Amino acid sequence: GSPERNEDHRCLFDLVGAGLNLAVLSRNLLRFLCQQAGSFVAYVIAFMMLWIVWRQHHVLFDKIEGLSPRLIGWHFPLLLLIGFLPYPTTVLGHHTDNPAAAAIYALAVGALLICRSAVQSQALKDGLLREDVDVDRFRVDSRVSWIVACYFLATVALVWWTPWVIVAWLGANVLGAVIPRLLADRSEADGTT
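The sequence shown runs 2 to 194 under the numbering used here.
Simulated from the structure, these hints should not be mistaken for laboratory data. What you are looking at is a predicted structure, and each value in this text was computed from that prediction instead of being measured.
FRET-style restraints, in silico, Cβ to Cβ:
{"#": "1", "residue 1": "ASP98", "residue 2": "ARG182", "range": "31 to 39 angstroms"}
{"#": "2", "residue 1": "SER27", "residue 2": "GLY67", "range": "51 to 59 angstroms"}
{"#": "3", "residue 1": "TRP165", "residue 2": "ARG28", "range": "24 to 32 angstroms"}
{"#": "4", "residue 1": "LEU51", "residue 2": "LEU184", "range": "19 to 27 angstroms"}
{"#": "5", "residue 1": "LEU171", "residue 2": "ASP133", "range": "28 to 36 angstroms"}
{"#": "6", "residue 1": "LEU80", "residue 2": "ARG28", "range": "36 to 44 angstroms"}
{"#": "7", "residue 1": "MET49", "residue 2": "ASP98", "range": "20 to 28 angstroms"}
{"#": "8", "residue 1": "ARG28", "residue 2": "ARG56", "range": "34 to 42 angstroms"}
{"#": "9", "residue 1": "ARG138", "residue 2": "LEU108", "range": "25 to 33 angstroms"}
{"#": "10", "residue 1": "GLY172", "residue 2": "ARG138", "range": "18 to 26 angstroms"}
Quick reminder that beta carbons are idealized off the backbone N, C-alpha and C, glycines included.
From just these sequences and the hints, can you work out the full model?
Shown next as structure tokens:
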């Protein structure tokens, strides 16, 4: 092995040889992981948001037959915010008890969701939908997307009053799943489709 690698191994063995046993080292690691719980939670939420945006984006592009300059233009801020999201995620993960860190995170995710909603609305506005796409259903999906984005931005106010804002953030996913069903049930009750 290389000298650096042998040095790394000696460090571990030196610690064990200096009176720290593997149980103490394991407890130290467990303590460190518990201290990083905020980072893990922030990562999971960021991953969920990115997965939802990515999945919805692919579903959208299955429903359109062309591109417009404005639709392409909305991709710049969308990609910029996707690339930026790890930064507020890290800030929140290291400062979970700081409302300003939560506000920065919520603003970044909210802006990302606004851009995603704008891409969807732009496709509708520019008439890019394929002929076989149900335009009314697409409009409902677009409205739901805007509702979820605005809801997420509204949680910025909550970060100053509650440490449990994360529950509200997870609620955005629930809203995105429940609202379309409620609107569909309402349409059926009204006799419209």
